[in-house]
Amino acid sequence: MGRRQWQSKACGTINKQVGYFLLLPALVVIVSVVFYPLSYSLWVILHNLNLKRPWVGIQFVGVKNFSKMFSDYFFWNSIKNTLLFVSASISLVFTIGLGIALLLNQDFKGKWIIMVLLLVPWALPPVANAIMWKQIFDSNYGPLNGALFQIGLISSYKRWLADPNTAMLAVIIARVWQTTPFVTLLLLAKLQAIPKDLYDAAKIDGAGIWRAFYNITFPLLKLTMMIALILTTIWTFNVFDLIYVLTGGGPARATEVFVYFVYFQTFNLLNHGYGAALSYFLAFMTLLFALIYIKLFYKEVEA
Amino acid sequence: MGLVVFAIVVPIYWMVICSLSLPRDIYTRPPNWIPSPLTLEHYRALFAEGWERELLRTIPNSAVVAFSNAALSLILGGVAAYALAKIRPKGRLFLLFAILGIQLIPYIVFAIPLYLILSSLNLLDRLDSLSLIYCSFTLPIAIWLMYNYFQMIPSELIDAALIDGCSHLRALVRIVVPISTPALIATAVICFIGAWNDFLFALILTSSVSARTAPVTLAGFIGKYRVGFTGMSAASLLVSIPPVLLAVTFRKFMVRGLTMGAIK
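Taken in sequence, the protein lines are chains E and G. Residue numbering for the first sequence is 1 to 303, as defined by this note's numbering. Residue numbering for the second sequence is 1 to 264, as defined by this note's numbering.
These are computed hints drawn from the structure, not numbers from a lab. Predicted model only: the values in this text are computed from it and were never measured. Do not rely on the hints blindly, as some may be mistaken.
Unchecked claim - Once the Cα atoms are required to be at most 25 angstroms apart in a straight line, the calculated DSS-like pairs of lysine-lysine come out as:
| hint | chain 1 | residue 1 | chain 2 | residue 2 |
| --- | --- | --- | --- | --- |
| 1 | E | K111 | G | K90 |
| 2 | E | K16 | E | K111 |
| 3 | G | K224 | E | K109 |
| 4 | E | K109 | E | K80 |
| 5 | E | K109 | E | K222 |
| 6 | E | K299 | G | K224 |
| 7 | E | K196 | G | K90 |
| 8 | E | K64 | E | K80 |
| 9 | G | K224 | E | K158 |
| 10 | G | K252 | E | K295 |
| 11 | G | K90 | E | K16 |
| 12 | E | K196 | E | K222 |
If we strip away everything but chain E, and leave its shape as in the complex, we get (with noise of 0.2 angstroms):
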């Protein structure tokens, strides 16, 4: 009796030694790639790191690539553009998103094919989503421009990229387009999981279908939903290449959302430290929105 149990015991603990070993690899990749650039970034924003002027030298400057950045006016800007460009996507990806995952949880003929061409826009590059969007706003042979003018609603072939208030709108439309199909697909994944018989028993108890929504559906969706808020969140934060491609940030800087603006620092003007210190300063927005996240993801696991 004491010896099988001193037995099974040695072998669970060879067995978890095993699993560390497994493990191994990948933890050396992720930590090789991850956490020595994350420190040796540190080193660089304490530092003086400027390839335009290198006959400056490398100095310690300590905080001054932090305190900089407060009273820089484009760093200001950048961050308005983006709070802008970050809530009306998500308020857009998410009222479209639900509703149309709402009709998709109901059966009828064909949703198949919207399920596939939902596909689409997801795994289209982003860069070439912005390519055709530019080219749907543009001022000379735009489609849209010539839609508009065909239906009359324009006298004119207007310039939409070039006018601060629409450039930032058609940035915004591009996202919309490019990211509500993945969060119809999460809600709809959830959605397919309600069981239905707590609706017949909501019908047969005279609720309606603002009430069976209200009480059934929205108590049950709301841990997914704030999920897929917080995920997307941090990844519209984070839209660099279709800034890059359609508008350059412009015009006069009025789509120049934060990581164009530390790209612009870091790679254009080879600003490094400075660079690197407004990466941090958008970690620790993000780590704000990511602890959040991780808790609400934990409480799914545990569930």
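Starting from the structure of chain E, add chain G where the hints point.
Positioned in the frame of chain E, the structure of chain G alone reads:
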């Protein structure tokens, strides 16, 4: 529903007809919505000898990073997911959530130091560095997706094999892999698309035709006056075909896989 189909299809329809139209049907106000005749000239130009050929020469680079990323993520991630789900070592939850957290760090945070490190090591502009970097960014999703799937496999199956003298790796290959094809396919496709579609790292870390990926070449075409709407559309569609085709072909696994990677 009609509206949904319309909203998704119309922009794509424009790209497709644009790539098949004669310039005179596109460069007119308003454009000809149903152009005739159609032409394959713009696609032919991409394959012909000329500077547009650059795109075709960088597509193999995209294929190399996308395939190697999918393979690496599948192997390393699969082994790690098996260990986490079936051997369940101590600290498993901590590791899982650390991995999840890494996935949320903005890419630009890594892009700047990686550029400086790789340039000091003379490893910039190389496909192998790029593949390895992609792998570290897709591994978290790969591990989580496969972990969630492996957890549903009854442990008795594996225990029986282990008692018969199978090693863990053998149990993984012989028992877990054959019944996990949906998760493996979803992981492979998501990792392939992740590497194929990436722009930021490819833009910063590669430059020459020997390592640059197709999206970067595509973005470089913008503003070259000779490409125009028609050529740009053909080039964009060419680059879009592999990821879209993969997603649509494996659509049954994708929807489930996407939910598993992001949400249980």
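Hints and how they fare:
no.	hint	result
1	E/K111 - G/K90	violated (45 angstroms)
2	E/K16 - E/K111	violated (47 angstroms)
3	G/K224 - E/K109	violated (45 angstroms)
4	E/K109 - E/K80	violated (45 angstroms)
5	E/K109 - E/K222	violated (29 angstroms)
6	E/K299 - G/K224	violated (51 angstroms)
7	E/K196 - G/K90	violated (40 angstroms)
8	E/K64 - E/K80	holds (23 angstroms)
9	G/K224 - E/K158	holds (23 angstroms)
10	G/K252 - E/K295	violated (30 angstroms)
11	G/K90 - E/K16	holds (7 angstroms)
12	E/K196 - E/K222	holds (18 angstroms)
Against the hints set out earlier in the document, violations occur for numbers 1, 2, 3, 4, 5, 6, 7, 10.
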